[in-house]
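All chains should be modelled from the sequences, with the hints used to inform the complete structure.
Residue numbers (this note's numbering), protein chains in the order written: chain A, 22 to 243; chain B, -5 to 676.
Simulated from the structure, these hints should not be mistaken for laboratory data.
Bear in mind that the values here come from a model prediction, so they are computed numbers and not experimental data.
Hints are not guaranteed to be accurate.
Here chain A is said to cover these stretches of chain B; the calculated rule only asks that three of the stretch's residues, wherever they fall, bring their Cβ under 8 angstroms from a Cβ of chain A [claimed, not checked]: (1) 460 to 467; (2) 505 to 512; (3) 517 to 525; (4) 588 to 601; (5) 638 to 646.
Below, a sample of chain B positions facing chain A; criterion: calculated Cβ distance under 7 angstroms [claimed, not checked]: (6) Val414; (7) Gly530; (8) Leu542; (9) Asp610; (10) Ser611; (11) Gln613; (12) Gly620.
Where is the CB? At the ideal position from N, CA and C, for every residue including glycine.
Spelled out, the chains give:
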Amino acid sequence: MRLESDIIWLLVSFFLTVMVFSYLLGDNPFFRFVSAIFIGITAGYFAVVILYQVLITRLAVPLFQGSMITLVPLFLSGLLLMKLSPQLTRLGGPSMALLVGVGAAVAVGGAVLGTLFGQVRGALSFFVPGSGDEGGSAIRIIEGIFFLIGTLATLAYFNFGARQKKEADPRQTKLMAVFAAIGKIFIAITLGAVFAGVLTAAVSALVERSDFLISTIITLVR
Amino acid sequence: MADIRCLVCDRLNDESAERCWFCHSMLPKATGPLTRHEREKLANFYKKQPLVKNPSPAAEPEKTDENTVPQTPSNEDIPDWLARIRKLKEEDQKSSIPEEPLPPEPQTDKPTSVTEEPEKPPSVETGIPDWLYNLRETAANTPAEPSEPTHSKKPAIDESLAFRGSLRDDEYQPLGEEEVAALLNPLILQPSEAPPVENVSADHMEDQSQPEPPEHITVSNPPHEEDLIPSIPQLEEIPPIELEEPLAIERGESPEFASSPPIKEDLPPFPSFLEELPDWLSKESPLIEEAEKSTESEASQAEKELEKAALPSWLSPHHKEEGTAPVPPAAGAEEFTEEGVLAGISGTLPGIEIKDRALKIHPFMPDASVSAMQQQNAQLFQQLLQPAGTRLLAEKAAKPHHRGEKILRLVITLLLLLGVIYPFFAGSFTGVFPVLYPAEVVASLGVIQNLPAEKPVLIAAHFEAALAGELNWTAQSVLDHLVSRGVPIAITSTNVTGYAMVNQFVEQAAARQPTYALEEKVFNLGYLPGGTIGMGAIVNHPLAALPLTTNLQPVTDLPILNAIHSLSDYGSVILVTDSPEIARTWIEQINQLDAPVSVIAVVSAQAAPLLQPYFDSGQISGYVSGLNGALSYELLRLVPGQAFQRFSSYQIALLLTAVILFIGGMIYFILGSVTPSAKGGG
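Take a look at the structure:
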């Protein structure tokens, strides 16, 4: 019984994958059918997960257990539902304000403490003796200088300020222009790396699906 | 006659006046008559200044009827100051060389000098002096005027001249010649001057309490009767007026008046000025018309010299059609406004109807010069505004079926598929494996290798189904390692798809390790809602953020997770994600912990470049990215997995992709340099 269900799901997966690959021939009903199935399943699955993972486990169960503090998010959620009505939409303002305010505070705090300070500390660590365990201090200092130049040059590239001169168009200073040109190179390398990563991920997905198709065919043939 | 000198403007006023006639300031008590020096100055000034006046409507009676000589007042009737002035003048004429007689001083339609003494008239009935009364009678005997001038306000300055004659010698105060000239200039009309206009300041107009002379009094200042009478025949001989400044005349001001601000302020509006032109000035209407034409020509010339606006090419047709304002009605066509807030007021500027102001928008401009790039951008913008379905249908209808493109697409796909499939059937080909392992992978392996077996590991997932295949192979190596070491695993996900997929990954890894008790060591804490807020909550209060498992079992009831009060109590946090942003957010929140916990990221290859700085800065302990990282991890563990088996296909597919990209880039470069339009169209 278990084997039959596996084979059925294997066949379903196989044909759905082939339908997706049919887009190579252009837009066709098979591809649209698979797209509709995917969207529908995702929406349905999302609703089920929200119901079981959020509403029941975090709202209903605590309420039935007598947790009165749960009434606060319940009340705020009720206010948020008022956004559906044009007449009562103002009542949803406090809930929305709370969401946006708390979200912004958490995000900004994390960005400052996690990324900004962390990256500054990481950039300085190249120049701290004994902080690196590889290559010796000289190589680390060179590496740190390289990182520092790359960081400053990239920041200089995004500096669009220019000094006004008499009877001439405003232009960047020569030093800033040189740094901006270097920063452009760093940005190009970064974007190239990101593009290569995206391409690699796509190729990995192609290999994985091809492996699935071939494995399925071999399994069915055998 | 006692006069009062104003302390503010230093001008003389009548003794009965309480306020200055000129500056309206409070006056002191009366002063004496005109000093000798001032009398001399006045007399000399009259000699120097030829009092030539233009013929005015008021002077026309003398002109039309020469036999009618106005009876001048007798010496008994004239005021004292006038008598003194005459006497001084006679003395001067006797003592000095005979000078040319002063030009005639015709009367104007407005009184240029009114020596009004409201409370001291000889005539009780009229309240004016007798000499003035006689003068009025003389004017009444003359033929009737066609129209009485409306602007018959008394000038303000000449009154000071009239009363200055009564200044006493002991109260002599030197008066500068410039001041005298300033006082007398408005009284002296040059041949080129405009007709008399109101010479009354706004303050005078407003002050109704000030005594005003009778309107019909048109006595010149000073009334030199002997000069006035002979001047009557000479009026005909006055040469035509030569306009020095046409524009000034148009505005109703002479060059001299132009320098006098009070006169300028009281000028009537231009249209009414034209309507009330006296006859003598109407002769000059051709000159005025000529001046108007010259003004118009100058304006048109100035308009031609204006630099043309640099409008965009696509806007030029709009400007051609819509920039032409509706022609307003001709000036003067409507003397009085018939409607609106200005109804009944003449001389108002004609307005433009609102309906005429409405711009006519032409959606289609056949003559618009639009470049191909602009047209393409407009079409793109229009497509973006369309609903998705309509846009797709439009694109499908607009794009012709290029058979070549479809064939090229199929060829590339077949090439890639062949490259991927070939290693499946060619067992001898294994690809080129790396001999140097990335530092982040080595570090990740070291962290997992050193994890205590009793401490659970939190796996936080967030990825989409499209990259589930890549992440499955990537995470498999790490999960196999964890399962092989028997580490308890707690699973959560910040998105719904990841919640289902990561559970499957763990189950697959546990299935490959039969000794690992899945039910006892794997706890699915479910979906973590709230995004960043949820991450922050689980970092600070893991039990409060994830209180129940997916089986609705309280976390506190689980012996393994019962001891978890902070995220630091986990042995490690493993992030499984395809998004660098999610990984960054997790790292940022975890870094706020006082007691740090080791973080390992299992990410897609596309997120690797953005995670490298966090590894370099030590904010994460290590990461495994993509198939390449998984292969390195397997090679380090000496346990080959899916990554090791399919790495050859992966390498061939990458090589083919790189070759195709290079060839396509070269073709595009060559074709683009040959046909530049291909770039714009592309």
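Each hint tested on the structure:
Only when three residues or more bring their CB closer than 8 angstroms to a CB of chain A does the claim for the region 460 to 467 of chain B stand; here the count is 6, and the claim holds. For the region 505 to 512 of chain B, the stated coverage by chain A is violated: 0 residues have a C-beta nearer than 8 angstroms to a C-beta of that chain, whereas at least 3 were required. Three residues within the 8 angstroms Cβ limit are the bar, and the region 517 to 525 of chain B against chain A gives 4, so the coverage statement holds. Only when three residues or more bring their CB closer than 8 angstroms to a CB of chain A does the claim for the region 588 to 601 of chain B stand; here the count is 4, and the claim holds.
Counting residues of the region 638 to 646 of chain B whose CB falls under 8 angstroms from any CB of chain A gives 3; the rule of at least 3 is met. Because the beta carbon of Val414 (chain B) sits about 4 angstroms from the nearest beta carbon in chain A, less than 7 angstroms, this interface hint is met. Among the interface hints, the one on Gly530 (chain B) holds; its C-beta lies about 5 angstroms from the nearest C-beta in chain A, closer than the 7 angstroms criterion. Taking 7 angstroms as the C-beta contact cut-off toward chain A, the hint placing Leu542 (chain B) at the interface holds, the least distance being around 4 angstroms.
Annotation: Asp610 (chain B) was flagged as interfacial toward chain A, and the flag holds, the nearest CB pair being 6 angstroms apart, inside 7 angstroms. Taking 7 angstroms as the C-beta cut-off, the interface hint given for Ser611 (chain B) holds, the closest approach to chain A being about 2 angstroms. Because the closest C-beta pair between Gln613 (chain B) and chain A is about 5 angstroms apart, less than 7 angstroms, the hint holds. Hint status for Gly620 (chain B): holds, given a least beta-carbon distance of 6 angstroms to chain A, under 7 angstroms.
Checked against the numbered hints listed earlier, the structure breaks hint 2 alone; every other hint is satisfied.
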